[in-house]
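Visitor: Listed below, chain by chain, are the residues.
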Amino acid sequence: MDYLYILPELIIVAVALVLLVGAALSPKDRQGYMPVVATAGFLAALVAVYPALGQETNIFGRMITVDGFAQFFKVIFLIVGVLVTLSSAGYMSKQKTSGGEYYVLLMFAVTGMIFMASSTDLLAIWLGLELVSISSYILAGYRREDPKSNEAAIKYFLMGAIASAVLLFGLSLVYGYTGTTNLVDIAQIETKALAGPAVLGVAMFMLVAGFGFKVAMVPFHMWAPDAYEGAPTPVTAFFSIGPKAAGLAAMIRIFPVGLSALTSKWSLLFAIIAAVTMTVGNLTALSQKNIKRMMAYSSIAQVGYITIGLAVATAASVNAIMFYIMAYVFINAGLFSMIILLDERGIGQKIEDYAGLSQRAPVAAAAMVVFFIALIGIPFTSGFFAKFFIFAAAVQSGFMWLAIILAVNSAISVGYYYGVVKAMYLDAPKDASPVKVPRALGAVLLTGALATLALGVFSEPFIRLIGLASLLR
Amino acid sequence: MTAAVSQIPLAYVLVFGALLFGLGLYGALLRTNAVRILMSIELMLNAVNINLVAFNQYLSPGYVNGQIFSIFIITVAASEAAVGLAIILEVVRRRNVIDIDKINLLKW
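First to last, the sequence lines map onto chains A and B. First residue of the first sequence? That's 141 in the working numbering, and the numbers climb one at a time after it. First residue of the second sequence? That's 2 in the working numbering, and the numbers climb one at a time after it.
Derived from the structure by calculation, the hints contain no laboratory data.
Simulated crosslink set (EDC-like; lysine to aspartate or glutamate; CA at most 16 angstroms straight-line): (1) Lys570/A with Asp493/A; (2) Lys288/A with Asp102/B; (3) Lys576/A with Asp483/A; (4) Lys429/A with Asp483/A; (5) Lys288/A with Glu91/B; (6) Lys236/A with Glu484/A.
Could you build all of it, start to finish, from the sequences and the hints given here?
Guide: The following block contains the structure:
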């Protein structure tokens, strides 16, 4: 039965629909059960992934692929769903607008992300992308009474819709040239004779632009800082890990696998984009005062590092991307749990608001230091191996110059991460009252910190796992 | 395929699609009124539909992949427009502006 293979997705959608009805029926002050139900839904979906593990097949007329790569990302995205739901509960209960639809949209977005990673058909990948995008537009504007949130939504929507139309035009050209939308078929046609024509080159550019927008590669990153700053903070946390990881997974399916005949063209394009994205992200982050905006540029820089893996496009580099995404999800989820807490308590979003946090919340401040160390890429954290694998893959395939830019950029990034650490440990707090970390946020913080350290010290089993799930062999 | 359709070369249809797309992209990038941008985006999506249907009809008339793709695009475009108009309406209600150049609380 095909449906058994998409049981996790079915569970999420079913729970989301139940919550949608629940949101309409229950008043605002009686919606405390919603994050609990949403978390339970995500966990049930995680359990439902288990029966399909290790199998390889195509379902629904080869629209959806069941393979290790899909399962790997399915698990990652469901974990993202759990972490973001837990981080949102306290924040959303304090909002004026009903919190119910928030979890529904989050669950729909996660479903779309799963379909993006587990499809080998351009039509299904695009549908997944739109499910993520349309949910994200609404999530960005969820604080309706806040003009900044409105502005984030309208900017994200208009730019996102243009990017989506450009992407679609590219897809239509690929379809016209190959006569199919299935990536496996496209890969086979091209190896024969179709490589090289100008039309396919134009289509490739449009695909890079469309997906590059989604994952915020420079020069398609203009929306990210505004959307990150204006959106409700839990939504920012989601944007920085969820849609990004899904976009990169879809890009791995499309470029190294589907359009492998054009490798020489897009490889160079991605190499240039990677170099520019890293540098612009890090240099702009240096001058930011708002931590959400700083994290937006930080995440742009991280995507730059990951794009090196796309440019190299070997089995080693694709595995490196998968490890990077796994590490990055835990780092950012953990880091944002504190940003959410400080925003929720009204302490603020500015870096100067973090002054003296080491006295006000010592454990949380220490955990944040771990995350910053991981983002820089210092040993004994997951971030070190993430960058090391990308670096090694680049050097092996003769992209020495990209590896050097990666190293230089990691050094630059110390500058702005240190700014926050300095504020937390060296600056005196304006108000020395302790900040109590609620249980749900504490759980996210602890999960993130433990996973970051575990991946940095005992990375062996995870590397073997990724080897099993690898798409390129 | 009727006789009239078969006499129009595929290239003409594709050039029409590309022009429509260019027109939409021009409008989407250079207009500042949010609703006009939304209309331009719809033009771009319809250009894609023309492409898909034309490729399907001329190159692989036995299959319907392209036509099904275009039906999905029409559906998604409708939901995208619904969400987009709701967001635009919210901005206009709060701030009474529709010009995206004047929506500039967030910068650097």
